[in-house]
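Order-wise, the sequence lines are chains A and B.
Per my numbering, the first sequence starts with residue 1, numbered consecutively.
Per my numbering, the second sequence starts with residue 1, numbered consecutively.
All clues stand as given, with none of them false.
Here are the simulated DSS-like pairs of lysine-lysine, each with C-alpha atoms no more than 27 Å apart in a straight line:
no.: 1; chain 1: B; residue 1: 60; chain 2: A; residue 2: 176
no.: 2; chain 1: B; residue 1: 60; chain 2: A; residue 2: 168
no.: 3; chain 1: B; residue 1: 60; chain 2: B; residue 2: 80
What the hints contain is simulated information worked out from the structure, not anything from laboratory work.
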Amino acid sequence: MNGRPEGSALVTGASRGIGAAIAKSLARDGWPVGVNYRQDAEGAEAVAKEITDAGGRALALKGDVADPETVEALFKKLEDEYGPVLVLVNNAGVRADGLSPQIDDEDWQKVIDTNLSAAFRLTRRALRPMIRARYGRVVNIASIVGQRANPGQANYAASKAGLVALTKTVAAEVAKRGVTVNAVAPGLIETEMTEGIGENWLEQVPARRAGTPEDVAECVRFLASDGAAYVTGVCLTVDGGLTA
Amino acid sequence: MSTTATREQIEQRVFQALEEFGAEPDQIGPDAEFESMDVDSLDLVELAQIVEDEYGVQLKGEDMEGVTTVRQAVDLVVSKLP
Chain A
1 MNGRPEGSAL VTGASRGIGA AIAKSLARDG WPVGVNYRQD AEGAEAVAKE ITDAGGRALA
61 LKGDVADPET VEALFKKLED EYGPVLVLVN NAGVRADGLS PQIDDEDWQK VIDTNLSAAF
121 RLTRRALRPM IRARYGRVVN IASIVGQRAN PGQANYAASK AGLVALTKTV AAEVAKRGVT
181 VNAVAPGLIE TEMTEGIGEN WLEQVPARRA GTPEDVAECV RFLASDGAAY VTGVCLTVDG
241 GLTA
Chain B
1 MSTTATREQI EQRVFQALEE FGAEPDQIGP DAEFESMDVD SLDLVELAQI VEDEYGVQLK
61 GEDMEGVTTV RQAVDLVVSK LP
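Put together the whole structure using the sequences plus the hints.
Here's what the structure looks like:
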């Protein structure tokens, strides 16, 4: 809490999995958290309740981040409740897997819209108050498939690689205002979203286990902390050594 | 947000912003060039944001093209006051 301005954290796609773990982790660090969700109200409310039961502050916020109209509403609600959003975690993501010849335009666009375009719009909106506050943390949840081939995920991989490029560029643009922009690239993490895609990979993981949402959340918490003030434009891989 | 700002008030607000951006106070004036004050593109983005927040004037990137001095910037804002 050392000298950081009063404000809030917004975690997209936080009703379960990695997003839920990140929301709880940031709340433990003292941030009031907006727990964004698209459909799983019950999950988001449970995350918010767990945070408030532990003495933190949290608000479940419904909204599909792929809808440009939603962005302003999300920020407005959180700003009204807890002050400017000084930590943004772009975590919401979707998959629509298939080998490239079978990915239709809709499945391509859906993944790019949610995983990449939404992250850009949210970041653009978040940067305004961050720049004025001379403080901000943006953390984009990428994936190792943005760096290493995983057949069947051309759309997902492209969106995540794009997210890393976005991270680096924006980081360089705003660094002098005390705003950092980083990415975290999880490897094989046990969540509902990764069910069924990990079997072939696990034996290649030097750590000999799948990661947990908390493994990822802890890295995000660090990147969002005061201690990471001089870390910007990086993509921190969290994969048990899989891509080492 | 004020819709009755005078040119002088806007100019003073721009001066104040430039100082926040790190420009030397003795360099700041109506005819000062942004470049000579080391005011860069991110500073101008923030200046546009301040103007929007405080005067309700939206400045897009293309509006700022060719704007190199404080006077030009203030003229632009005044011309767009609601």
